Amino acid sequence: MLNRIKEILSAKFIFTDDIVEILAVALTAKKNCILWGPGGHGKSAMMTEVVNGLGLASETWVQSFGEGLDEAALWGGLDFGKLERDKVLEYFPERSFLTRRIAVFEELFDAPASVLLSLKDTMTSGALRKGAQVFPMRTECIIGLTNREPAELAEMGPAAAALVERFPLQLRVTWPSYAASDYEAMYKKYPSGLNGFTPILAQVIGKAVADGNVVSPRTAIHARDAVIGRAEARGAREVEKTDLAALRFVPGLEKLGDTIVAEVEAAMARAAAAKALEGIECRFTEIGADLGDTPIKNLQTAKRLAVLENELAEVRCPDELVKKRDGLRQAISQKISEVRRKAEELTRI
1 MLNRIKEILS
11 AKFIFTDDIV
21 EILAVALTAK
31 KNCILWGPGG
41 HGKSAMMTEV
51 VNGLGLASET
61 WVQSFGEGLD
71 EAALWGGLDF
81 GKLERDKVLE
91 YFPERSFLTR
101 RIAVFEELFD
111 APASVLLSLK
121 DTMTSGALRK
131 GAQVFPMRTE
141 CIIGLTNREP
151 AELAEMGPAA
161 AALVERFPLQ
171 LRVTWPSYAA
181 SDYEAMYKKY
191 PSGLNGFTPI
201 LAQVIGKAVA
211 DGNVVSPRTA
221 IHARDAVIGR
231 AEARGAREVE
241 KTDLAALRFV
251 PGLEKLGDTI
261 VAEVEAAMAR
271 AAAAKALEGI
281 ECRFTEIGAD
291 LGDTPIKNLQ
301 TAKRLAVLEN
311 ELAEVRCPDE
321 LVKKRDGLRQ
331 AISQKISEVR
341 RKAEELTRI
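The sequence shown begins at 1 in UniProt numbering and counts up one residue at a time.
Do not take every clue at face value.
Below, simulated BS3-like cross-link-like pairs (lysine-lysine); rule was C-alpha separation at most 30 Å, straight line [to be verified]: (1) Lys297 to Lys241; (2) Lys255 to Lys207; (3) Lys189 to Lys12; (4) Lys12 to Lys30; (5) Lys324 to Lys241; (6) Lys87 to Lys31; (7) Lys303 to Lys324; (8) Lys189 to Lys130; (9) Lys31 to Lys6; (10) Lys335 to Lys297; (11) Lys255 to Lys297; (12) Lys241 to Lys12; (13) Lys12 to Lys297; (14) Lys324 to Lys189; (15) Lys130 to Lys120; (16) Lys342 to Lys297; (17) Lys120 to Lys188; (18) Lys342 to Lys303; (19) Lys342 to Lys188; (20) Lys31 to Lys12; (21) Lys275 to Lys188; (22) Lys87 to Lys30; (23) Lys324 to Lys335; (24) Lys241 to Lys255; (25) Lys207 to Lys303; (26) Lys87 to Lys130; (27) Lys207 to Lys323; (28) Lys241 to Lys275; (29) Lys335 to Lys323; (30) Lys324 to Lys342; (31) Lys188 to Lys255; (32) Lys189 to Lys275; (33) Lys189 to Lys207; (34) Lys275 to Lys323; (35) Lys207 to Lys241; (36) Lys188 to Lys207; (37) Lys30 to Lys130; (38) Lys30 to Lys6.
Hints in this document: simulated from the structure, not taken from any laboratory.
Please read all numbers here as calculations on a predicted model, not as lab measurements.
Please model the entire structure based on the sequences and the hints provided.
Here's what the structure looks like:
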């Protein structure tokens, strides 16, 4: 199961190793778990993919919790016929999550305290017990999704703490970093069909985050769609620099409105420099491996490396790429010296 979940999530998401592990353990060991953390990181989307990918849709109950949820909705609805006829308050638990092997509760801890208390009692006893009505709980694993921290919820009182304890597995879902390369890696999971503007967009978003803005993965996808929409709205098949002005309408990026042109140009320069360095690095690896067995071949290799060194000197790098450029320059210089020494040694022989 673990490998299958990994395959499912890696197709559309990044940074999923811990999520793969906790879901594999929860579903196999039949342990309840909580996936919590800031919104916009795909908790619900990932659960949908896993449930469908594992063929568990028919065995899974998905329910959205919130302030409007009451006990009747949680337990399948009120039996109004029995209420009118016998003056007895009972539910239709056969229409609730209690009949499914897996339950996914979205925004779990946003429900009223009375609902959470009722859920806790049912999870503790293993059955719904409301007066004379008893209905066994067949659910083996409950997966709670929430933006709220479990430790914070446990401080709300004994009932909340007791409910949190019913979820022995817990994981904070977030990214370890929010660099331009992370957003670009995510964009690669969702090909846009237009020209390759996403590295530029990733650079712009990465810079916005570095400047203190919060841009969730979901917001980054909205940003990409807004830029694509702007291009399509003018009937174009390719994104142009002016289309990125649509980013000013995206929360977290609205501050870029006045500086978007400068930001895009800077991002384009960073992307161009990164691409140039990558190309030179690849050619250096290829040329450096081509050491000859004659003086002429080695001198030819040294000449090719010198050309590469000159090309590198022409690359204009932003501050964040200077270290990489200097390291590459040093490596090329050392290789040139090595190849020339080899040529001299072969000449003496």
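The hints, checked one at a time:
1. Lys297 to Lys241: violated (46 Å)
2. Lys255 to Lys207: holds (12 Å)
3. Lys189 to Lys12: holds (5 Å)
4. Lys12 to Lys30: Answer holds: Lys12 to Lys30 is near 26 Å, not above 30 Å.
5. Lys324 to Lys241: holds (27 Å)
6. Lys87 to Lys31: Violated, at about 38 Å.
7. Lys303 to Lys324: holds (23 Å)
8. Lys189 to Lys130: violated (48 Å)
9. Lys31 to Lys6: With Cα atoms ~19 Å apart, Lys31 and Lys6 stay inside 30 Å; holds.
10. Lys335 to Lys297: The hint holds at about 14 Å.
11. Lys255 to Lys297: violated (56 Å)
12. Lys241 to Lys12: holds (27 Å)
13. Lys12 to Lys297: Measuring from Cα to Cα gives roughly 48 Å; hence the hint is violated.
14. Lys324 to Lys189: Satisfied, since the Cα-Cα distance of roughly 27 Å is no more than 30 Å.
15. Lys130 to Lys120: holds (13 Å)
16. Lys342 to Lys297: holds (10 Å)
17. Lys120 to Lys188: Distance ~42 Å between Lys120 and Lys188 Cα, so the pair is violated.
18. Lys342 to Lys303: Distance of about 14 Å is within 30 Å: holds.
19. Lys342 to Lys188: violated (43 Å)
20. Lys31 to Lys12: holds (26 Å)
21. Lys275 to Lys188: Roughly 16 Å separates the two Cα atoms, so the pair holds.
22. Lys87 to Lys30: Not OK: Lys87 and Lys30 at ~38 Å, beyond 30 Å, violated.
23. Lys324 to Lys335: Judged against 30 Å, a Cα distance of about 17 Å means the pair holds.
24. Lys241 to Lys255: holds (17 Å)
25. Lys207 to Lys303: violated (39 Å)
26. Lys87 to Lys130: At roughly 14 Å apart (the allowed maximum being 30 Å), Lys130 and Lys87 satisfy the hint.
27. Lys207 to Lys323: Satisfied, since the Cα-Cα distance of roughly 18 Å is no more than 30 Å.
28. Lys241 to Lys275: holds (18 Å)
29. Lys335 to Lys323: This hinted pair holds, its Cα atoms lying about 18 Å apart.
30. Lys324 to Lys342: The given pair, whose Cα atoms are some 27 Å apart, holds under the 30 Å limit.
31. Lys188 to Lys255: holds (26 Å)
32. Lys189 to Lys275: holds (20 Å)
33. Lys189 to Lys207: Holds - the C-alpha atoms of Lys207 and Lys189 are around 21 Å apart, at most 30 Å.
34. Lys275 to Lys323: holds (15 Å)
35. Lys207 to Lys241: holds (17 Å)
36. Lys188 to Lys207: OK: Lys188 and Lys207 at ~19 Å, within 30 Å.
37. Lys30 to Lys130: Status holds; Cα separation ~25 Å.
38. Lys30 to Lys6: Status holds; Cα separation ~19 Å.
In summary, the structure is inconsistent with hints 1, 6, 8, 11, 13, 17, 19, 22 and 25 from the numbered list given earlier, while agreeing with the others.
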